[in-house]
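> Read off the chains here:
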Amino acid sequence: MPQLSEITGKIRESAKKLLTSGQADVVIGYRQGTVPMATAPFFARTPEDCDQLVWSNFARVNLANYLSGRPGKVALVAKGCDARSAVGQVTENQILKDNLYLIGVPCTGMIDNNLVVAKEPRPISEVTETTDEAITVKGNGFSTDIKKEDVLRRNCKTCVNRTPKLANELVGPEVNGAAADDYADIKALLGKSLEERMAYFKDLIKDCLRCYACRNACPLCYCPICFVDETRPQWLGKSTDAMDTMTFHLLRGLHCAGRCTSCGACETACPVNIKVREFNRIMELTVQSNWQYEPGMSWDQKPPLTMFQTDDTADFIK
Amino acid sequence: MSEYIIKQSALADFFKSLANGRRLLSPQGVGDKCKLEETAPEKVSLDFTNTHMSPKSLLFPQTERLMAFHNEHDKPNGYVFQSALDSGEPTVVFGIRPCDARGLSIANKVFQNDRFTDPYWKGKFDRTVFIGLACDAPLPQCFCAAMGGSPFGESGLDVLAFRQTDGLGFKALTDKGTELLKAAGATEADLAGEIKSLEAKAIESQGVKPNYQPIDNLDLMDLFKDPHWEATAENCLNCGVCTFFCPTCHCFDIQDENSERGGVRMRNWDTCMSWLFTVHGTGHNPRPTKTERVRQRFMHKLKYIPLKQDGVRGCTGCGRCVVMCPVNIDIRSVALKMAQTAPTPA
Amino acid sequence: MNNPYLPYPVRIAEIRVETEDKNLRTFKFEFLNPEDEEKFAYLPGQFAELSVPGQGEIPIGIASSPSEKGFVLFTVNRVGQVSSYMHNMKAGDIMGIRGPLGHPYPLDKLKGRNLVIIAGGFAVTTLRSTITYLLQPEIRPEYGKITFIYGARTPGLLLYKDEWMAWEKRDDIDVFVTIDREVPNWGYKVGFVPSVTKEVCPPPDNTSALICGPPIMIKFTQPVLEEAGYQPENIIMSLENRMKCGLGICGRCNVGPEYVCKDGPVFTLAQLNRLPKEY
Amino acid sequence: MSDFEPKIVAFFCNWCTYGAADLAGVSRLDYPPNFRVVRLPCTGRLNPKFIMEAFKRGADGVWVSGCHPGDCHYIAGNYYARRKFILLHQLLESVGVDPNRLRFSWISSAEANKFQAMAKDVVENVKACGPNQSFRKEELNLGLAEVA
Numbered sequence: 003m004p005q006l007s008e009i010t011g012k013i014r015e016s017a018k019k020l021l022t023s024g025q026a027d028v029v030i031g032y033r034q035g036t037v038p039m040a041t042a043p044f045f046a047r048t049p050e051d052c053d054q055l056v057w058s059n060f061a062r063v064n065l066a067n068y069l070s071g072r073p074g075k076v077a078l079v080a081k082g083c084d085a086r087s088a089v090g091q092v093t094e095n096q097i098l099k100d101n102l103y104l105i106g107v108p109c110t111g112m113i114d115n116n117l118v119v120a121k122e123p124r125p126i127s128e129v130t131e132t133t134d135e136a137i138t139v140k141g142n143g144f145s146t147d148i149k150k151e152d153v154l155r156r157n158c159k160t161c162v163n164r165t166p167k168l169a170n171e172l173v174g175p176e177v178n179g180a181a182a183d184d185y186a187d188i189k190a191l192l193g194k195s196l197e198e199r200m201a202y203f204k205d206l207i208k209d210c211l212r213c214y215a216c217r218n219a220c221p222l223c224y225c226p227i228c229f230v231d232e233t234r235p236q237w238l239g240k241s242t243d244a245m246d247t248m249t250f251h252l253l254r255g256l257h258c259a260g261r262c263t264s265c266g267a268c269e270t271a272c273p274v275n276i277k278v279r280e281f282n283r284i285m286e287l288t289v290q291s292n293w294q295y296e297p298g299m300s301w302d303q304k305p306p307l308t309m310f311q312t313d314d315t316a317d318f319i320k
Numbered sequence: 016m017s018e019y020i021i022k023q024s025a026l027a028d029f030f031k032s033l034a035n036g037r038r039l040l041s042p043q044g045v046g047d048k049c050k051l052e053e054t055a056p057e058k059v060s061l062d063f064t065n066t067h068m069s070p071k072s073l074l075f076p077q078t079e080r081l082m083a084f085h086n087e088h089d090k091p092n093g094y095v096f097q098s099a100l101d102s103g104e105p106t107v108v109f110g111i112r113p114c115d116a117r118g119l120s121i122a123n124k125v126f127q128n129d130r131f132t133d134p135y136w137k138g139k140f141d142r143t144v145f146i147g148l149a150c151d152a153p154l155p156q157c158f159c160a161a162m163g164g165s166p167f168g169e170s171g172l173d174v175l176a177f178r179q180t181d182g183l184g185f186k187a188l189t190d191k192g193t194e195l196l197k198a199a200g201a202t203e204a205d206l207a208g209e210i211k212s213l214e215a216k217a218i219e220s221q222g223v224k225p226n227y228q229p230i231d232n233l234d235l236m237d238l239f240k241d242p243h244w245e246a247t248a249e250n251c252l253n254c255g256v257c258t259f260f261c262p263t264c265h266c267f268d269i270q271d272e273n274s275e276r277g278g279v280r281m282r283n284w285d286t287c288m289s290w291l292f293t294v295h296g297t298g299h300n301p302r303p304t305k306t307e308r309v310r311q312r313f314m315h316k317l318k319y320i321p322l323k324q325d326g327v328r329g330c331t332g333c334g335r336c337v338v339m340c341p342v343n344i345d346i347r348s349v350a351l352k353m354a355q356t357a358p359t360p361a
Numbered sequence: 181m182n183n184p185y186l187p188y189p190v191r192i193a194e195i196r197v198e199t200e201d202k203n204l205r206t207f208k209f210e211f212l213n214p215e216d217e218e219k220f221a222y223l224p225g226q227f228a229e230l231s232v233p234g235q236g237e238i239p240i241g242i243a244s245s246p247s248e249k250g251f252v253l254f255t256v257n258r259v260g261q262v263s264s265y266m267h268n269m270k271a272g273d274i275m276g277i278r279g280p281l282g283h284p285y286p287l288d289k290l291k292g293r294n295l296v297i298i299a300g301g302f303a304v305t306t307l308r309s310t311i312t313y314l315l316q317p318e319i320r321p322e323y324g325k326i327t328f329i330y331g332a333r334t335p336g337l338l339l340y341k342d343e344w345m346a347w348e349k350r351d352d353i354d355v356f357v358t359i360d361r362e363v364p365n366w367g368y369k370v371g372f373v374p375s376v377t378k379e380v381c382p383p384p385d386n387t388s389a390l391i392c393g394p395p396i397m398i399k400f401t402q403p404v405l406e407e408a409g410y411q412p413e414n415i416i417m418s419l420e421n422r423m424k425c426g427l428g429i430c431g432r433c434n435v436g437p438e439y440v441c442k443d444g445p446v447f448t449l450a451q452l453n454r455l456p457k458e459y
Numbered sequence: 003m004s005d006f007e008p009k010i011v012a013f014f015c016n017w018c019t020y021g022a023a024d025l026a027g028v029s030r031l032d033y034p035p036n037f038r039v040v041r042l043p044c045t046g047r048l049n050p051k052f053i054m055e056a057f058k059r060g061a062d063g064v065w066v067s068g069c070h071p072g073d074c075h076y077i078a079g080n081y082y083a084r085r086k087f088i089l090l091h092q093l094l095e096s097v098g099v100d101p102n103r104l105r106f107s108w109i110s111s112a113e114a115n116k117f118q119a120m121a122k123d124v125v126e127n128v129k130a131c132g133p134n135q136s137f138r139k140e141e142l143n144l145g146l147a148e149v150a
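Protein chains in written order, with my numbering: chain A, 3 to 320; chain B, 16 to 361; chain C, 181 to 459; chain D, 3 to 150.
Simulated from the structure, these hints should not be mistaken for lab results. Just so it is clear, CB atoms sit at the ideal spot from N, CA and C, and this is done for glycine as well. Mixed in with the good hints, there may be bad ones.
With beta-carbon atoms standing in for the labels, derived distance ranges [unchecked claim]:
| # | chain 1 | residue 1 | chain 2 | residue 2 | range |
| --- | --- | --- | --- | --- | --- |
| 1 | A | Glu232 | C | Asn213 | 55 to 61 Å |
| 2 | B | Glu194 | A | Pro226 | 54 to 60 Å |
| 3 | D | Ala78 | B | Asn86 | 54 to 60 Å |
| 4 | B | Glu209 | A | Thr48 | 50 to 56 Å |
| 5 | C | Val259 | A | Thr48 | 52 to 58 Å |
| 6 | C | Glu362 | B | Asp234 | 43 to 49 Å |
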């Protein structure tokens, strides 16, 4: 059971070394947030900066998001999923492998604030965390201990690749993830009737504000102009029309197919708590069952949509 | 005397009288489902912290039809826009927080500015009575007092209500408010002292007030040119969460949509965080990267609006953007950085 | 209540192709309801939202002068959704205009002064309005010497040929028209607007400059005027930014605290020097 | 329902199915007139947003047809397209779009008979689904009285 302070110490140590030796111009990690249950991405450029870097059970943002097109040498504090996204950025030519250094943190999962609030609905003014297994939340006249496994994010519960195997170094002992993600939820959903599925997905996105936080929090969404911002032709209306919203989510799912590493950044960013990853998961399952492809697992694999097999099976094409 | 009380036992009747001939809205639901909803008088609850989203959509819906036309070129008024102004029913909102009411009053000065009046906003604004409920226990992310407001703030409200040991106390702030309280049979009382001490207690519970005062005196261009913006914006994902949740953010886009029968011109919430927001037809963009866009948002809140609205800041300290931001960009820290800007020597 | 979002219905009375690349057309509109023309009382330098139902709106400077009654003129460049659609419309079609919006050039404050009017490319529109207004017999004596400098890349890209040629023949306005590069049979000036300005602009005493043109022209003309001794208060410019409402509400066209639509589009250089360069 | 005539947006590759449709026409092979054809240079050009746009605007069905695998005019366009189709097909079916509304086929420019049969089959299938009411934009609410 590693202490968070231990990992924090190692991250700082590594970051300082990288910056002093010139191996990195910037180390992108996390610093403590300004409100309870939050961290913020932090860009350390000097060895002194590094003392602000922390490790936490709330280090949810996928920092690979800051890689695309970034000049210079970058070191990234990366969980299992983030490291895969970073590798994806390399395979998609968003950054050179030689300019990237991954400080891998074997991760035991990150906390979903909504689940914490569900367990402790009183206003929380302080959180203490010493290990990666539990937290204590405090407020006016209360102090509640919460086990992390009870409040893990959905994607963290089913995470298979918790240890960033491709990282340049690991700052903690390797951890094992789930044996395999069986996609039971998606398969159950697909067992329902067409009408039920349509009703489910319409209900799923009914609160969507189209703030596009899911898109912007996603390390895959680096297009200079997103299809939702195209104006001639304008593919998407700007109103709250349900079908426009559905189109956004479907096309987002499609664009992430074969690239998504289930980091959960989209769901965490969503201010109205939509399970936006449902769309991605359908695509993940499809990609895996068709092409046995998992993104971000090696430096030289080609994303499935940039290639083909002459014998790809598609029985539905007549 | 403009203060009144209603005892706990008479509250049910009070809410009934509010709903008489008007739509009664109040916060319903908990957590991320807490929102202003049409409420039966017996369902009004005083037990909430604040609505998940700001109440601006009441007067400024995310999508609003402005006008429409029929696609009939041969008829005299076919293919000509007709106003689709709909101000809705008379409404009373009970339980809006003072920070949010203040947000509406700031937006109100934009929608009813020195040259133009927005009839869509005004119609709804004029038909709504706002009864605020003072905050006696502000949340950790609340900082209304630091921004020049108060948990007992009065701006934008017709009536300020606050909890008493037995029932509610009220301060009428407009004629509309006084009328409403009188009609509901509220008893006059002298509560000024009580309000003062409750307010002081609530402000105190927000902790130490950071000093943002220097921003007011600093030159616009000094604030604008300060080198901190690059670092301040570095985290930003350029999503629109802060703007969509902000009670004073009022920017919108105007869009036309068509069908065979005709078309509608509508306005939709827009966000200054978007690249598309300012891009010219030529492709030139005055705010091309997130640094300019983030700067715009904070400068707008903390400098531009105060310049235009007699020093009133465009942030009400409701704390929504602080907790909603996926990367924890905290307007309080940004404001402090701005306050530390070094002025150019004269 | 008056609804500032609702356009006045107008009929396209005439469309004139202005330039050889056919990307600029001048639209002459007549109001469907004559009383709307009175409500649309404007001054040179103001703009309006041209509104095509189902397509959208574009903010365009008013090219006609208030002295021209019975119609309004707008010259539209083909760029985006609405302007391209308009370029396919024909005389007789119905659309809408909404305005007038923004502040005009402060001509009433400039009475008694000399004016140098500098235009580049198709930004000449509101300055055409200004000159037409100033040259009215009852208005002209209220102003001193008027100098008009107008440049475009090629002769074929100059707008309002008939008009500036007629102005050239008058003795109460000095007209200098220039193109970027020499072409055969070109009887006027050759060179960029800044260099022509340097050559012909009158001394700064009791003189104000009105400038409207592409950013690059303004960038290089401004120092020429400053060198010539013009004070920033006397250099008056018209800005443009992406706009939607035109009413100072929708929030996108601001330059610092000022909205280009509501508080502009006309600013003095002195004002702009105190504002961010977000335009 | 029997008199329901569906509107179907068809995306045909210029080098094969578009030719097949032509050939069916000059060969006087009858096929239903329910299609609005969009000609593509290759099915590889088919962006999924085209299909979404068609449904969004109220198409009852969409039919995409290109060259047989191995016959692409640009060597491999349809192979790439096939991968996209696999994803799109699965995604739309997963969110509850009746797969009978969306048809993919390979028809060469010589296969006028296949084209005719496929066209009839597509229309029949879409007819069986009925009008598209759940996967489209809602009719615009003009909120105005009818024009006098």
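> Find the hints from earlier in the document that the structure breaks and name them by number, from lowest to highest.
1, 3 and 5
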